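> So the chains spell out like this:
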Amino acid sequence: DAGVIQSPRHEVTEMGQEVTLRCKPISGHDYLFWYRQTMMRGLELLIYFNNNVPIDDSGMPEDRFSAKMPNASFSTLKIQPSEPRDSAVYFCASSPYLRGGELFFGEGSRLTVL
Amino acid sequence: TQLLEQSPQFLSIQEGENLTVYCNSSSVFSSLQWYRQEPGEGPVLLVTVVTGGEVKKLKRLTFQFGDARKDSSLHITAAQPGDTGLYLCAGDSPYNFNKFYFGSGTKLNVKP
Chain A
1 DAGVIQSPRH
11 EVTEMGQEVT
21 LRCKPISGHD
31 YLFWYRQTMM
41 RGLELLIYFN
51 NNVPIDDSGM
61 PEDRFSAKMP
71 NASFSTLKIQ
81 PSEPRDSAVY
91 FCASSPYLRG
101 GELFFGEGSR
111 LTVL
Chain B
1001 TQLLEQSPQF
1011 LSIQEGENLT
1021 VYCNSSSVFS
1031 SLQWYRQEPG
1041 EGPVLLVTVV
1051 TGGEVKKLKR
1061 LTFQFGDARK
1071 DSSLHITAAQ
1081 PGDTGLYLCA
1091 GDSPYNFNKF
1101 YFGSGTKLNV
1111 KP
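Here the protein sequences come in this chain order: A and B.
Per our numbering: the first sequence = residues 1 to 114.
Per our numbering: the second sequence = residues 1001 to 1112.
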């Protein structure tokens, strides 16, 4: 299996621009998670999906952030408009089940907003 | 405020030394996991513990879940440079099982 695939690996953009991060989970995994990692706050759960349906988005910072999962093999995290404080590494992870299940992480998308 | 507090935050030791990393919380967790993350990569699962008092061994790594399921420790014997990385504990709360909380992390550097 190829594992969780994220793109782009690196993104540098200017404040105010739209950013779209992409994720392909492991086939057969019913749960998909978006995390953000910074030095100050560590790994934070932003949102997770079960069978393509958003279950909990309480970690999404504000309305500038949105996430979709149009099918079982693709998800996007969009930031519009982006701000410098959004600079972080964004991880997508998938899991076959929720409680006690292993999270399989992608390699992350490093976002820098100037 | 982090739900799971890890200590120490940073640890730099010589190859061959032993070390222990702690993960503490005031909350009870139904299960707890330890991950290791290397630079430029995502975290990778090392172990899952689910029973209070449980001890699991993975080669030179020993993991323990506290009796009250509020804390855990990771002990590494005879550390090697390949053990270098960020160690993260993570737990799912039995009261809000939708949430999977990660600790603040312990950055370990093992010098040859």
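Hints were generated in silico from the structure; no laboratory data involved.
One should not assume that every hint holds.
[To be verified] Pulled a few chain A residues facing chain B out of the computed Cβ check, cut under 8 Å:
# : residue
1 : E62
2 : D63
3 : F65
4 : L103
[To be verified] Derived list of chain B stretches under chain A, where covered just means 3 residues or more per stretch with a C-beta under 8 Å from a C-beta of chain A:
# : segment
5 : 1014 to 1027
6 : 1100 to 1106
Model, not experiment: these values are computed from the prediction.
Yeah, the Cβ is synthetic: ideal placement off N, Cα and C, and Gly gets one too.
> All the hints need checking, so say for each whether the structure fits it.
Here is how each hint holds up against the structure:
Against a cut-off of 8 Å between C-beta atoms, the interface hint on A:E62 is violated, since the closest Cβ of chain B lies about 19 Å away. For the restraint placing A:D63 at the interface with chain B, the shortest Cβ-Cβ distance is roughly 21 Å, beyond the 8 Å limit, so the hint is violated. Proximity of A:F65 to chain B is violated relative to the hint, the smallest CB-CB distance being about 18 Å (cut-off 8 Å). About 7 Å separates the beta-carbon of A:L103 from the nearest beta-carbon of chain B, less than 8 Å, and the hint is met.
Coverage of the segment 1014 to 1027 of chain B by chain A is violated [criterion: at least 3 residues with CB-CB distance below 8 Å; count 0]. Residues of the segment 1100 to 1106 of chain B lying with their CB closer than 8 Å to a CB of chain A number 6, which satisfies the three-residue condition for coverage.
Violated hints, listed in ascending order, are 1, 2, 3 and 5; each of the other numbered hints is respected by the structure.
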